[in-house]
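*Asks:* The lines below spell out each chain.
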Amino acid sequence: MPNSEESVSSPGIFEEYAILSVRDLSRICAVDEHHIVELVHEGVLRVLDADTAEWRFTGDALRRARLALRLERELEINLAGVALALQLMEEIEQLRRRVRHGL
Amino acid sequence: MEYKDYYKVMGVARDATEAQIKQAYRKLARKYHPDVSKEKDAEARFKDVGEAYEVLRSPEKRAAYDQLGRDYAAGQEFRPPPDWGAGFETGGAGPGRSSHSDFFDSLFGAAARGAARDTEDHHAKVMLDLEATLNGGSRTFTLRVPEIEAGHLVLKERVLNVKVPRGILAGQTIRLSGQGARSPADGTAGDLYIEVDFQPHALYKADGRDLYLELPVTPWEAALGATVKTPTPGGTVDLKIPPGSRAGARLRLKGRGIPASPPGDLYVVLQLALPPAADDKAKAAYQAFAAALPFNPRTQLGV
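Order-wise, the sequence lines are chains A and B. Numbering follows our numbering, with no gaps: position 91 of the first sequence is 91. Numbering follows our numbering, with no gaps: position 27 of the second sequence is 27.
Honestly, the hints are just simulated from the structure, not real lab data. Among the clues, some could well be false.
[To be verified] Label pairs and their calculated CB-CB ranges: (1) A/T52 - B/A42: 33 to 43 Å; (2) B/P297 - A/I19: 54 to 64 Å; (3) B/K254 - A/H34: 38 to 48 Å; (4) B/S261 - A/T52: 19 to 29 Å; (5) A/M89 - B/V159: 29 to 39 Å; (6) A/V47 - B/R14: 44 to 54 Å; (7) A/V47 - B/E149: 37 to 47 Å; (8) A/R100 - B/K254: 16 to 26 Å; (9) A/R100 - B/Q300: 37 to 47 Å; (10) A/L48 - B/R14: 49 to 59 Å; (11) A/R56 - B/D15: 49 to 59 Å; (12) B/R26 - A/M89: 16 to 26 Å.
Here the structure is a predicted model, which is why all the values come from computation and not from measurement. Think of the CB as a built atom: it goes at the ideal place given N, C-alpha and C, for glycine as much as any other residue.
Pulled out of the complex, with its shape left as it was, chain A reads as follows (with noise of 0.2 Å):
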């Protein structure tokens, strides 16, 4: 079947526009809501106001959430260990960018 060639507009960089509930996240990253609220209780993930009724998430927490879920799944890790290398994983790109800029 020869390829057709579809036109779509995206309405901008989903990390800037997109405010995820809970369940977006789950449905997104297909796994569980109980899940995602883990992340969030061992620090993976960031609630936008901890105060309000519902979490809401920024854009980003889904690269974040895919990340970890990827590291659970793929390297059979809990999620403190999840959490400790995510959190490493920052620290080293931190040096790195700090040894690229001659800091």
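Knowing the structure of chain A, use the given hints to seat chain B on it.
*Replies:* Same frame as chain A, now just chain B:
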């Protein structure tokens, strides 16, 4: 199709125990996981390791593989026997990402690949040219999307013409509503999430929202200061090189990086370029230079 030596991929002996195989997998998975690893071919290696583990961890698959593999060496042309595939339990998804090698598929059937999830949202990653984020504009992506066709999971190519938002950064996502797969249950379409990354650019290197440009300057421009033409994403500008600049010095052009909000900066990194001493005139100039300016750049090395 090439025969794959899964034992070699895992670095274990053919009589390795389940525990040894698991241990080898854990170690290799951490080493080559594409989210963690900085190895060049991490993604491919991780897939190989995941596939090898999927076979060797399962006693049924391993037995089937061993029975078949006795006469093959890695890389050798492989042809499965015609009656292959009967009598082994080969279902179930493994730990790795979904796509297997042709070798795996011919052994265990494409149906065994990391079974389709019931979500209708899809995720993809594309490599953009840097101009796409600098100027915005439409780009054509070819995506391979899994679809269920007559009960089988097949990979289909889809060509999408997408309007790229100006100022998007590596690692950020474009969501295309309704461009995911149709749900088999109710026919509603999910969304397609495209994570972007950048192809290497001839001039600029992106680091987050900032851009880096290596700008060659002559020794006299660096020593005496000069105003030189330099490219920027917005067009050529006159750049002032301060007197006494050294190789590796960085000049920051504020706001001339990727037009995100806030916009990134453009760092111009100076490189010293020496004119070649190609003819007598040039040699004489270098000799005059040496005579006029005795200079030992190696004093700190103690020589």
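*Asks:* Broken hints, numbered, in rising order?
*Replies:* Those not satisfied come down to hint 9.
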